[in-house]
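There are 2 protein chains.
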Amino acid sequence: MQSDSSTLRLVRAGIDTYQQPVVYMHRDCPVCRSEGFTALSRVAIRSAGKELVATLNVVIDDHLDVDVAALSEMAWHALAPSEGAVAEIRHAEPPASTSALRAKVFGQRLSADAMRALVQDTVDARLSDIELAAFVTACAGDRLDHVETIALTRAMVDAGQRIAWFGEAIVDKHSVGGLPGNRTTPLVVAIAAAAGLCIPKTSSRAITSPAGTADTMEVMAPVDLDLRAMQRVVDREGGCVVWGGSVRLSPADDILIRVERPLDLDSEGQLVASVLSKKIAAGATHVLIDLPVGPTAKVRSNTNAYAIEQRFRATASAFGLHLRIARTDGTQPVGRGIGPSLEARDVLQVLRGDAVAPGDLRDRSLLLAGALLDLAPPPGCASGIVHARALLDSGAAYRKFVAICEAQGGFTEPCISQLVHSVRVQRSGIVRAIDNRRLARVAKLAGAPRARRAGVFLRLRVGDHVTAGDVLFDLHAESRGEMDYARSFVDAHPDIFDIA
Amino acid sequence: MQSDSSTLRLVRAGIDTYQQPVVYMHRDCPVCRSEGFTALSRVAIRSAGKELVATLNVVIDDHLDVDVAALSEMAWHALAPSEGAVAEIRHAEPPASTSALRAKVFGQRLSADAMRALVQDTVDARLSDIELAAFVTACAGDRLDHVETIALTRAMVDAGQRIAWFGEAIVDKHSVGGLPGNRTTPLVVAIAAAAGLCIPKTSSRAITSPAGTADTMEVMAPVDLDLRAMQRVVDREGGCVVWGGSVRLSPADDILIRVERPLDLDSEGQLVASVLSKKIAAGATHVLIDLPVGPTAKVRSNTNAYAIEQRFRATASAFGLHLRIARTDGTQPVGRGIGPSLEARDVLQVLRGDAVAPGDLRDRSLLLAGALLDLAPPPGCASGIVHARALLDSGAAYRKFVAICEAQGGFTEPCISQLVHSVRVQRSGIVRAIDNRRLARVAKLAGAPRARRAGVFLRLRVGDHVTAGDVLFDLHAESRGEMDYARSFVDAHPDIFDIA
Numbered sequence: 386m387q388s389d390s391s392t393l394r395l396v397r398a399g400i401d402t403y404q405q406p407v408v409y410m411h412r413d414c415p416v417c418r419s420e421g422f423t424a425l426s427r428v429a430i431r432s433a434g435k436e437l438v439a440t441l442n443v444v445i446d447d448h449l450d451v452d453v454a455a456l457s458e459m460a461w462h463a464l465a466p467s468e469g470a471v472a473e474i475r476h477a478e479p480p481a482s483t484s485a486l487r488a489k490v491f492g493q494r495l496s497a498d499a500m501r502a503l504v505q506d507t508v509d510a511r512l513s514d515i516e517l518a519a520f521v522t523a524c525a526g527d528r529l530d531h532v533e534t535i536a537l538t539r540a541m542v543d544a545g546q547r548i549a550w551f552g553e554a555i556v557d558k559h560s561v562g563g564l565p566g567n568r569t570t571p572l573v574v575a576i577a578a579a580a581g582l583c584i585p586k587t588s589s590r591a592i593t594s595p596a597g598t599a600d601t602m603e604v605m606a607p608v609d610l611d612l613r614a615m616q617r618v619v620d621r622e623g624g625c626v627v628w629g630g631s632v633r634l635s636p637a638d639d640i641l642i643r644v645e646r647p648l649d650l651d652s653e654g655q656l657v658a659s660v661l662s663k664k665i666a667a668g669a670t671h672v673l674i675d676l677p678v679g680p681t682a683k684v685r686s687n688t689n690a691y692a693i694e695q696r697f698r699a700t701a702s703a704f705g706l707h708l709r710i711a712r713t714d715g716t717q718p719v720g721r722g723i724g725p726s727l728e729a730r731d732v733l734q735v736l737r738g739d740a741v742a743p744g745d746l747r748d749r750s751l752l753l754a755g756a757l758l759d760l761a762p763p764p765g766c767a768s769g770i771v772h773a774r775a776l777l778d779s780g781a782a783y784r785k786f787v788a789i790c791e792a793q794g795g796f797t798e799p800c801i802s803q804l805v806h807s808v809r810v811q812r813s814g815i816v817r818a819i820d821n822r823r824l825a826r827v828a829k830l831a832g833a834p835r836a837r838r839a840g841v842f843l844r845l846r847v848g849d850h851v852t853a854g855d856v857l858f859d860l861h862a863e864s865r866g867e868m869d870y871a872r873s874f875v876d877a878h879p880d881i882f883d884i885a
Numbered sequence: 386m387q388s389d390s391s392t393l394r395l396v397r398a399g400i401d402t403y404q405q406p407v408v409y410m411h412r413d414c415p416v417c418r419s420e421g422f423t424a425l426s427r428v429a430i431r432s433a434g435k436e437l438v439a440t441l442n443v444v445i446d447d448h449l450d451v452d453v454a455a456l457s458e459m460a461w462h463a464l465a466p467s468e469g470a471v472a473e474i475r476h477a478e479p480p481a482s483t484s485a486l487r488a489k490v491f492g493q494r495l496s497a498d499a500m501r502a503l504v505q506d507t508v509d510a511r512l513s514d515i516e517l518a519a520f521v522t523a524c525a526g527d528r529l530d531h532v533e534t535i536a537l538t539r540a541m542v543d544a545g546q547r548i549a550w551f552g553e554a555i556v557d558k559h560s561v562g563g564l565p566g567n568r569t570t571p572l573v574v575a576i577a578a579a580a581g582l583c584i585p586k587t588s589s590r591a592i593t594s595p596a597g598t599a600d601t602m603e604v605m606a607p608v609d610l611d612l613r614a615m616q617r618v619v620d621r622e623g624g625c626v627v628w629g630g631s632v633r634l635s636p637a638d639d640i641l642i643r644v645e646r647p648l649d650l651d652s653e654g655q656l657v658a659s660v661l662s663k664k665i666a667a668g669a670t671h672v673l674i675d676l677p678v679g680p681t682a683k684v685r686s687n688t689n690a691y692a693i694e695q696r697f698r699a700t701a702s703a704f705g706l707h708l709r710i711a712r713t714d715g716t717q718p719v720g721r722g723i724g725p726s727l728e729a730r731d732v733l734q735v736l737r738g739d740a741v742a743p744g745d746l747r748d749r750s751l752l753l754a755g756a757l758l759d760l761a762p763p764p765g766c767a768s769g770i771v772h773a774r775a776l777l778d779s780g781a782a783y784r785k786f787v788a789i790c791e792a793q794g795g796f797t798e799p800c801i802s803q804l805v806h807s808v809r810v811q812r813s814g815i816v817r818a819i820d821n822r823r824l825a826r827v828a829k830l831a832g833a834p835r836a837r838r839a840g841v842f843l844r845l846r847v848g849d850h851v852t853a854g855d856v857l858f859d860l861h862a863e864s865r866g867e868m869d870y871a872r873s874f875v876d877a878h879p880d881i882f883d884i885a
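As given, the protein sequences belong to chains Z and B, one line each in that order. Going left to right, the first sequence walks through residues 386 to 885 as this note's numbering numbers them. Going left to right, the second sequence walks through residues 386 to 885 as this note's numbering numbers them.
Warning: the hint list may mix true and false statements.
Identical copies go unnamed one by one, so any copy, or any two together, can satisfy a pair.
[Claimed, not checked] Distance condition first, Cα-Cα at most 25 Å in a straight line; then the derived SDA-like pairs of lysine to any residue:
1) Lys683 - Asp514
2) Lys683 - Leu425
3) Lys683 - Ala499
4) Lys435 - Phe874
Just so you know, the hints here were simulated from the structure itself, not pulled from any lab data.
With the hints as extra help, turn the sequences into a complete structure.
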């Protein structure tokens, strides 16, 4: 091959296409002309010993020179080219897992090797979004059996880092299908660590919600720790709550979730593989699963819950993982705040035994912490929930939480915005239901999670009696513009609360 | 809502993302900030009464102003904004067909209404690539039954234009899974029109192959006719061969094919709906299907062929369509040329009864034209193939072809490139197989279909005896650079011909 017709200089496009690597090349560049590339061609870009497969977008005006290939952010960071680096660009060979993907689409059972090939190509970004969507669709519902679920879990664990800890019991927890404001994690970590358990917790940031656990935690302490820093915190305090993004555990999971989310697919096998691969990679030995069940939760009925529990147990057992599942109420939000700072305030009120602390968040956290203590009982713990309540009420959990925050880089008291607007009830009655999806939207319009102090503070819960003029919820914002924007939305949607 | 925080000025990005509408907005633009948009958000763009759903790519450097939204080519043409137009940009509501898509993914049978909603959202570009991929995956193999196939066909027909013709019999033909060089269409049209049948044929351009029928035809006559011009040609000559792209027939099909192709999925139901929806929309009453069967063809065995034939018959019957299926040899290329001008030369040689005309292309065309004449016999036609041969041998088909070309805008004799390189056999033996995929790649590297005269001219066929030094094939190119590039590829892949 001639090198001159297949090489271009690499530049940064400055375009964020999320986890999709995209390369921009001019229609008249020598590579497009000689290789016959057109828009959406899958191309292999090789530079300085690294190779990446990207989707081509063709530039047809003179924004781009004909001798360069411009890389999207994901592609730029993956290849990390030096100044002026050139790349050889060719047609991408079909990924090695193509035949496995076709087999699954046509309903065949995948071997462990086939599953490994698919996961490796996923992590190496060799599968296009179309191929990833076909994969998750082919696994939807119950189209993965228990053996395939175990193979998928193992392949996902093996495709990333794995953390090893000293000590016999490493505990972890996961909530399936988060409810708005459901910030039990910092509380469970604080109680479990105060009880002497080792609980190295990684959490996610918000993607479509007004706050992820990592966003809420970040209001109180740094969360962007690398693996070594995380290990230091856990060695010192027995627990942590850090962002999982900088610790590369089960990286295939993040990629599959990106494709699953817009499809809103409930795939039992992928859900279980997703949750357990992260826990196993994080070195957990004892895992508690919080399974909220409710008509608008991820798990909609007890029948669904039973099937998922069986799948969790079979997979956990294959990895020698101790597992407990707690079915919880998934019908309405937990706590009063929605948005990072407001949720953080709820958490601290519970830890401090404040009289105004939200009772439902406290009860849920004690239930989960109690179940975790029963699963991996520390010395002298006869009843998990009794032990958990004692640690919370004595202030031991609060002191442990502050110590963890200090170890992560320093505790900060959350600030509450001064820009508050109260939304009032227009007629008397009983709150029959809350549209959680729209309420989350209001919090996002007000600026959450980017604006840490923005969000919604609920004054009422389902079942409460209200009188016209009562405050339903407070809007919090950091800027007048965002406050107005959220208020306009609330005015246009008076049905967020169903009052009869 | 405030208009200032949700409106941006529309500009053209000059980026071709094929049929995917993409909008580029700056990370710090007021809409991204207030709506909480991130990369890959699905956004609704409304301007001057038109609305489009696009995928967001976020620009993070200063290439783009914060007060504009830049549209990819597809989005720009769909909205066709006037100079300085502004657009209101919001979160896209989930498409109406979301629940139908989920139902199909979970293996349920779709009603006619559900199928219609999915096809309408496909045509309106309301489904993302991920959703389209899930749809085609959920229909893969035999997961659409006959009733669903009929509903899909009807929805696809109704979603586009439909042509009405005068006359009782409107004939058409389609080859499933084109073989390289398989240019029977211009020959079948010429013979059928010469026999007095009405055959308004629309064809496609190459997408991944070195030439589509429309590309080959364009070497000899204009093919980019709108519906009215096409109707004038057919009224005058009884037939045409035009590009289907400017006649909006079954537009959902083009979108689904774009997603199916990279997955290489054989979906019986979608194949049948794809072919027949185009024919029904084109007003056909009698349709001949050419079904090449061979290990590397789209239909690999007679068992597959039988299942597809049943599906074709059931669907055609639901629409009152007269259908005939001809199983043909799908084991090797048809004709000698691969590339627009070289294929056009093959076609003209057959029409002119040239002594060097490729016999296989002549035989295949007579077989298909004969079957079509048997399906819709013109007056005085007792045997289709006898009648077809008489029309070809008498020169009537040739005169009709030239007349059609003249009616389409003027006949042009194809030019053959002067830049030719002969590739020779390295050892004696028998040609056992030809790697059609690689041979097509060689033709594309040489410049086809963009360079009309570029391509491959085969000197040998499977089964031929060869002696070292014989010419296997000629490379044709329009530029020295492309010739060198194709030659390098041939040198690197001596196994394109299997000679033993």
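(request) Run the structure past the numbered hints and jot down the numbers of the failing ones, going up. (result) none
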